[in-house]
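We have chain L already, so just place chain G on it with the hints.
2 protein chains.
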Amino acid sequence: MEVRAVAGPLAATFADVRAAAGRIAGVVHRTPVLTSQALDAACGGARVFLKCESFQRTGAFKFRGAYNRLSQFTPEERTGGVITYSSGNHAQGIALAARELGIPATIVMPTDAIAPKVAATKGYGAGIEWIDRQTENGYETAARIARERGSTFVPPFDDAGIIAGQGTAALELCEQAGEPLDVFLAPLGGGGLLSGCALAMHGTSPRTVLYGVETETANDWVLSFAAGHPVRIPPPMTVADGIKTEVPGDLTFPIIYSLVTDVRTVSDDEVLHAMRLVLFRLKILIEPTAAVPLALLLSGRLGDLAGQRVGVLISGGNVDPALLAEVAGQTEASPAADSGSR
Amino acid sequence: MEVRAVAGPLAATFADVRAAAGRIAGVVHRTPVLTSQALDAACGGARVFLKCESFQRTGAFKFRGAYNRLSQFTPEERTGGVITYSSGNHAQGIALAARELGIPATIVMPTDAIAPKVAATKGYGAGIEWIDRQTENGYETAARIARERGSTFVPPFDDAGIIAGQGTAALELCEQAGEPLDVFLAPLGGGGLLSGCALAMHGTSPRTVLYGVETETANDWVLSFAAGHPVRIPPPMTVADGIKTEVPGDLTFPIIYSLVTDVRTVSDDEVLHAMRLVLFRLKILIEPTAAVPLALLLSGRLGDLAGQRVGVLISGGNVDPALLAEVAGQTEASPAADSGSR
Numbered sequence: 271m272e273v274r275a276v277a278g279p280l281a282a283t284f285a286d287v288r289a290a291a292g293r294i295a296g297v298v299h300r301t302p303v304l305t306s307q308a309l310d311a312a313c314g315g316a317r318v319f320l321k322c323e324s325f326q327r328t329g330a331f332k333f334r335g336a337y338n339r340l341s342q343f344t345p346e347e348r349t350g351g352v353i354t355y356s357s358g359n360h361a362q363g364i365a366l367a368a369r370e371l372g373i374p375a376t377i378v379m380p381t382d383a384i385a386p387k388v389a390a391t392k393g394y395g396a397g398i399e400w401i402d403r404q405t406e407n408g409y410e411t412a413a414r415i416a417r418e419r420g421s422t423f424v425p426p427f428d429d430a431g432i433i434a435g436q437g438t439a440a441l442e443l444c445e446q447a448g449e450p451l452d453v454f455l456a457p458l459g460g461g462g463l464l465s466g467c468a469l470a471m472h473g474t475s476p477r478t479v480l481y482g483v484e485t486e487t488a489n490d491w492v493l494s495f496a497a498g499h500p501v502r503i504p505p506p507m508t509v510a511d512g513i514k515t516e517v518p519g520d521l522t523f524p525i526i527y528s529l530v531t532d533v534r535t536v537s538d539d540e541v542l543h544a545m546r547l548v549l550f551r552l553k554i555l556i557e558p559t560a561a562v563p564l565a566l567l568l569s570g571r572l573g574d575l576a577g578q579r580v581g582v583l584i585s586g587g588n589v590d591p592a593l594l595a596e597v598a599g600q601t602e603a604s605p606a607a608d609s610g611s612r
Numbered sequence: 271m272e273v274r275a276v277a278g279p280l281a282a283t284f285a286d287v288r289a290a291a292g293r294i295a296g297v298v299h300r301t302p303v304l305t306s307q308a309l310d311a312a313c314g315g316a317r318v319f320l321k322c323e324s325f326q327r328t329g330a331f332k333f334r335g336a337y338n339r340l341s342q343f344t345p346e347e348r349t350g351g352v353i354t355y356s357s358g359n360h361a362q363g364i365a366l367a368a369r370e371l372g373i374p375a376t377i378v379m380p381t382d383a384i385a386p387k388v389a390a391t392k393g394y395g396a397g398i399e400w401i402d403r404q405t406e407n408g409y410e411t412a413a414r415i416a417r418e419r420g421s422t423f424v425p426p427f428d429d430a431g432i433i434a435g436q437g438t439a440a441l442e443l444c445e446q447a448g449e450p451l452d453v454f455l456a457p458l459g460g461g462g463l464l465s466g467c468a469l470a471m472h473g474t475s476p477r478t479v480l481y482g483v484e485t486e487t488a489n490d491w492v493l494s495f496a497a498g499h500p501v502r503i504p505p506p507m508t509v510a511d512g513i514k515t516e517v518p519g520d521l522t523f524p525i526i527y528s529l530v531t532d533v534r535t536v537s538d539d540e541v542l543h544a545m546r547l548v549l550f551r552l553k554i555l556i557e558p559t560a561a562v563p564l565a566l567l568l569s570g571r572l573g574d575l576a577g578q579r580v581g582v583l584i585s586g587g588n589v590d591p592a593l594l595a596e597v598a599g600q601t602e603a604s605p606a607a608d609s610g611s612r
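Just so you know, the protein sequences line up as chains L and G, in that order.
The working numbering numbers the first residue of the first sequence as 271 and each following residue consecutively.
The working numbering numbers the first residue of the second sequence as 271 and each following residue consecutively.
Extracted from the complex, chain L is given alone in its bound form (with noise of 0.2 angstroms):
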């Protein structure tokens, strides 16, 4: 069932998710769905499955749509070899896949990216090009580069491939978890991994009520839901770096907009809560845009979940160790754990 209309056909289908299933197999990992009393408790009695994609390759679901991807390009096109813009999870994402498949990878990436992301990002052997954020699009020099050097430029999240691939994790959630699901939950930024996931949502599971989730900052998905198509907002401030996106994207609104139910928003204390939660409760690292969407749940305004089947989208692990110890330092938390996996 569609909650909205649009017009037009979606960018990708179930078809193209259940598609990348077979592409990705055998190379992105099957991650670990887990559960636990202790964050049933803490969740007003409702039953939650974390997909948790911090354990995948690179640490972060982008491996799965980047392969997707990059595992269609023609011969042409790998020889040409890729090319992106990013400092974070999706540069890694390609890089990996690209050496996989044993295509040129060249990530642009800012001056100011973090060192930790730029040493994984070089380790899978891509080349890096700098640019300074201050004075350079990065897009721009990455769609110069691509036209100067006949490579193929792959979004991070406005892409068929991308989404359809990103789509795999709700895929592999609902045969782990089981009976179907009740609620569904996903961090919100560019859109490709809730796309994606609405679309498996929709194909497995159609009754699941679905939910974007964003910080109070970076809600153009929340103004845009409200006008009805993409409205940018201004660089948003927020811990969840994942999430920092402007502007809705042109494929994933609409597949957005017509699948899933709504889209809410918490505070970045509510985040740094459910990161600590999960970290000391649950004893994995996941990063401030992976506890959205679990902030959201702890918070109670879902109204009552009791014995309701709660799907979560952990998005990834890569945290930034000066983050850590301040998230650490800060906190009261228990050490016990009761949790599971499956």
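If you are wondering where the hints come from, they were derived from the structure by calculation, not from laboratory data.
C-beta atoms are modelled at their ideal positions from N, C-alpha and C, and glycine is treated no differently.
All clues given are correct.
Label-pair restraints from in silico Cβ distances: (1) G/Gly448 / L/Asp402: 44 to 54 angstroms; (2) L/Glu272 / G/Ala311: 39 to 49 angstroms; (3) L/Asp539 / G/Ala592: 19 to 29 angstroms; (4) L/Glu272 / G/Gly570: 53 to 63 angstroms; (5) L/Gly570 / G/Glu346: 38 to 48 angstroms; (6) L/Gly570 / G/Glu486: 42 to 52 angstroms; (7) G/Gly448 / L/Ala295: 17 to 27 angstroms; (8) L/Gly397 / G/Gly570: 23 to 33 angstroms.
Here is chain G on its own, set in the frame of chain L:
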């Protein structure tokens, strides 16, 4: 095969470990075994299998032995209740096992126990009796209360039921790893965990080389192995708070001395490095004690392990937030993960 001869029968057998596995099934979590290409590379090409008791209920393996022991209480013992002395993971294991079995529990705790551990123990419904470590002996206080109330004292490691219960972790690891392991490592404090695991490995995979690992300052087992009998050391200072015991147990020493290949040591710095690597690369939180065997593996001092199948018992994930803040703040670790689970 016995490595060294000891006089008299051992306190527990492989059959006891198997019986324990039947008793704890469905209550104690079958924790996941994690693998990581990044970790394998850091360990000289070994194929490392991490048995993650950090995901166990209460956040540590201690729940296994506690539940196995308490589930064998007679009706009279159940009525009289259980008592123990612990400031750490054993307290939580006993408290939760007692709650699950409907047995009243009293935990003698030192007044300087850290707040989250006290909160967790209380949260499982146990009564707390406080002692001042400077002026009172916790074991004597617990024994006195046991006599006064007709309660049963359950020690943290030198007990056949505790030993057999802890051994179930290694039994599961052997099943989950598939092919036999070439090497197995576990942290070594009182010896409850390693003695049970040694019985399990001896019965399941008798050719596996077994190592116990302690920190340089907490080297009572190294000295005891050299002497051929338990040797007492002064209270050690080490970051690995779970292995601060001063002397091997009367029951655990003969088992470990006869079945374990060797005991080795690592430095506190090596322990913190291993903890950091696991946190930022594998995205899991493990406590310093759990990082002790991994630190040895990472040191390269076990020689060439390329292609060898190495099982590592990750004992728990209960970390003092202040220590974690320090560990995170010092690190230069890369955020890229490359891990999976089975």
